[in-house]
Amino acid sequence: MTPRIRWQRARLVDSRLETRRARTLVFDVPQWTGHDAGQHVDVKLTGEDGFTAQRSYSIASASTPGRLELTVQAVSGGIVSPYLVDAMQLGDELELRGPIGGWFRWTNELAEPVLLVGGGSGIAPLMAMLRQRLLAGSAAPFRLVYSARTPDHVFYANELHVISQGRRGVDVDLLYTRSGLPGDTRPPGRLVGDDLPLAAPDAEPTRVYVCGPNGFVENAARLLVDRGHQPASIRTERFGSSGG
Amino acid sequence: MSVISRGFGGRGGASDPRVPPGQYVTHDFPVLSAGPTPYVDTDEWSLDLTDVDDSRSALSWTQLMAKPIEEFTVDLHCVTTWTKLGTTWRGVPVSAVLDDLDSEAEFALVHSYGGYTTNLPVEDLLDGKAWIVFEFEGEPLEPVHGGPARLLVPHLYLWKSAKWVNGIELRHDDEPGFWETLGYHEYGDPWLEQRYAGD
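Those protein sequence lines, which keep their order, are chains A and B.
First residue of the first sequence? That's 1 in our numbering, and the numbers climb one at a time after it.
First residue of the second sequence? That's 245 in our numbering, and the numbers climb one at a time after it.
Calculated directly from the structure, the hints in this document are not laboratory data.
No residue lacks a Cβ here, since even glycine has one placed at the ideal position from N, Cα and C.
Do not take every clue at face value.
Stated by the list, open to error - Derived DEER-like restraints, expressed as beta-carbon distance ranges:
| hint | chain 1 | residue 1 | chain 2 | residue 2 | range |
| --- | --- | --- | --- | --- | --- |
| 1 | B | His389 | A | Gly77 | 16 to 26 Å |
| 2 | B | Ser304 | A | Pro182 | 33 to 43 Å |
| 3 | A | Gln230 | B | Met309 | 24 to 34 Å |
| 4 | A | Asp152 | B | Leu370 | 51 to 61 Å |
| 5 | B | Gly372 | A | Leu181 | 57 to 67 Å |
| 6 | A | Asp202 | B | Pro365 | 38 to 48 Å |
Unchecked claim - Straight line, CA to CA, 25 Å or less: simulated DMTMM-like cross-link-like pairs of lysine to aspartate or glutamate:
| hint | chain 1 | residue 1 | chain 2 | residue 2 |
| --- | --- | --- | --- | --- |
| 7 | A | Lys44 | B | Asp319 |
| 8 | A | Lys44 | B | Asp443 |
| 9 | B | Lys373 | B | Asp418 |
| 10 | B | Lys311 | B | Asp292 |
| 11 | B | Lys328 | B | Asp344 |
| 12 | B | Lys328 | B | Asp343 |
| 13 | A | Lys44 | B | Glu430 |
| 14 | A | Lys44 | B | Asp260 |
| 15 | B | Lys328 | A | Asp226 |
| 16 | A | Lys44 | B | Asp272 |
| 17 | A | Lys44 | B | Asp433 |
| 18 | A | Lys44 | B | Glu437 |
Start from the sequences, fold in the hints, and give me the full structure.
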């Protein structure tokens, strides 16, 4: 009999704004033993009136015992995400359980090339993979293609800039859908086939992870198949527009 | 354990008895799937049936349409905590597909285009509890939601309702499917919050 995944107490110990509507929350979780990059947690909030709400959020940090980070984008009209982004203060607590998810997952032992394709807040679990790869000193070639509305909507902007400057087998491509930066050679617009690498026919198949809102994932997955990637090598994680 | 999140409050109002514990109501129709959406033409579509004695048969789209078709309204519950109330579908009851086989099987492993599988007891597929559906709210079911046809088992979490269904394998033993081997609950009753293995 598999043991139940237990709820754990988590205390907010640090936070930073990624954009005007998205916040990274750093939780101290004494019982946390670590996770694989790409996995998520279920978060449970309980109000003083007994009202409770549960949501799933991807873990954005690399595996560290006792600590984890979530990046949450406030969904207008939602209950949980606006609390996490706007109201929760350092020292406040919630319950979470995990790690959950055995499919959308990257571990240090995997040596094949990795392509990460993220749209909007879908960058969070991909960032966990990128951070895990750098932390572990893995040699697996990584490429991140990250589509954001404008430069103001990019999460982890400084960290991604630093990573893209290093020569560690990690490439970072930022794409903008609404408006970009002066000097951009690519006009703003939704993801197109040319934004994605072709599958190398004779090489080891690239593991592809796609995460974002459903429309983004649907489009990206179709383009990837058109670019020669095998459907079986493409893992997707989709956020409904309802979030909350 | 009782942990209060300071400053968190609900929106008031009585809870809806149609909403299982830990779920919230959404008015969208979110999509969850593990890979790219397969696009399957109804001319190519078939539902392969395998019984415990390894006998095989298949149902074409035309044969499916010749079965009794029902229109029904049900609530959907996804393990990711959204619930969608009052969704209307058209489809063929699974019993109309399986009754011809007169099988002794206790379990079914359901297969999909794209390689997805999910397992459930045969009794959860019969007696008006499950359908092969092809219309949602009066429109042909979109590929992104499992079209041309998906299984719909509304009394279990929605991952049991395999999209792009293309086979039902009847078995004596309970063979775990895709999510069931990746940490999700073997049965998935939303009213018992059977989300993950061990729940």
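Quick one, are Lys328/B and Asp343/B close enough, alpha carbons at most 25 Å? Violated, because 30 Å separates the two Cα atoms, which is more than 25 Å.
Do the Cβ positions of Gly372/B and Leu181/A conform to the proposed distance bound of 57 to 67 Å? The hinted range 57 to 67 Å holds for Gly372/B and Leu181/A, with Cβ atoms some 58 Å apart.
C-beta pair Asp152/A, Leu370/B: status relative to the range 51 to 61 Å that was hinted: About 55 Å separates the Cβ atoms of Asp152/A and Leu370/B, which means 51 to 61 Å holds.
Hey, Lys373/B versus Asp418/B, does the alpha-carbon distance stay inside 25 Å? Holds. Lys373/B to Asp418/B sits at ~19 Å (cutoff 25 Å).
Below or equal to 25 Å on CA atoms is what counts here, so check Lys44/A against Asp272/B. Within the cut-off at roughly 22 Å; holds.
Holds or violated: are the alpha carbons of Lys44/A and Glu437/B at most 25 Å from each other? holds, 14 Å
If you check the beta carbons of Ser304/B and Pro182/A, does the distance land in 33 to 43 Å? Check failed, 58 Å falls outside 33 to 43 Å.
Tell me if the straight-line CA distance from Lys311/B to Asp292/B falls inside 25 Å. holds, 16 Å
Given the hint that Lys44/A pairs with Asp443/B, does the C-alpha gap stay at or below 25 Å? holds, 16 Å
Check the following: the C-beta atoms of Gln230/A and Met309/B are separated by a distance inside 24 to 34 Å. At 33 Å between Cβs, range holds.
Starting from the hint 38 to 48 Å, judge whether the C-beta atoms of Asp202/A and Pro365/B obey it. Given a distance of about 46 Å, which is inside 38 to 48 Å, the answer is holds.
Hint consistency between Lys44/A and Glu430/B [alpha-carbon to alpha-carbon, up to 25 Å]: Distance ~23 Å between Lys44/A and Glu430/B Cα, so the pair holds.
Violated hints for the displayed structure, listed by number in ascending order: 2, 11, 12 and 15.
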